[in-house]
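Engineer: Sequence:
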Amino acid sequence: CGKSFTQSSSLIVHLRSHTGERPYECDQCKKRFYSSSDLVKHQRVHSEERPFHCPDCGQGFRYNSELITHRRIHTGERPYECPQCGKSFRESSSLKLHLRIHTGERPYECEQCKKRFHSSSHLLKHQLIHT
1 CGKSFTQSSS LIVHLRSHTG ERPYECDQCK KRFYSSSDLV KHQRVHSEER PFHCPDCGQG
61 FRYNSELITH RRIHTGERPY ECPQCGKSFR ESSSLKLHLR IHTGERPYEC EQCKKRFHSS
121 SHLLKHQLIH T
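The sequence shown begins at 1 in the UniProt record's numbering and counts up by one.
Hint data in this document are derived by calculation from the structure and do not stem from the laboratory. The model shown is predicted, which means the values in this text are computed figures rather than measured ones. Mixed in with the good hints, there may be bad ones.
Said to hold, decoys possible - Below, simulated PhoX-like cross-link-like pairs (lysine-lysine); rule was C-alpha separation at most 20 Å, straight line: (1) Lys41 to Lys31; (2) Lys125 to Lys115; (3) Lys125 to Lys114; (4) Lys41 to Lys30.
Whole structure, please, built from the sequences with the hints as guidance.
Structural biologist: Printed below as a string of structure tokens:
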């Protein structure tokens, strides 16, 4: 693929993305990973370990990326802006969901009545009418 690396260990891990080799297995759920560091991060799912703490409120998180997103609550930062209407969001996933308003995309379909929805949560709420 032409990618280059300064460390041979990084090249080895990258090559696994081409070969599909995932030599590191989680003892609890058997999910497999390209690198030992990915396995270690994953294992927090099975434990209560939350090593990343918010300096503002003390809340703990499993991953640094979750802490970064959380801190935007305190800072008011909304780095993801809709190019259509200018509305901004704390999370890229919220922007992606919002964009469906403009595109009309409704990827979630009710199997019973075929009505379509912008989000899975709206579909789940709708499905209650069929019970």
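Engineer: Quick one, are Lys125 and Lys115 close enough, alpha carbons at most 20 Å?
Structural biologist: holds, 12 Å
Engineer: Would the pair Lys41 and Lys31 pass a check requiring their Cα atoms to be no farther apart than 20 Å?
Structural biologist: At roughly 12 Å apart (the allowed maximum being 20 Å), Lys31 and Lys41 satisfy the hint.
Engineer: So if I understand the rule, the pair passes when the alpha-carbon distance is 20 Å or less; does Lys125 with Lys114 pass?
Structural biologist: holds, 14 Å
Engineer: Next pair to validate is Lys41 with Lys30; report whether the Cα-Cα distance is within 20 Å.
Structural biologist: holds, 14 Å
Comparing the model with each numbered hint stated earlier shows that all of them hold.
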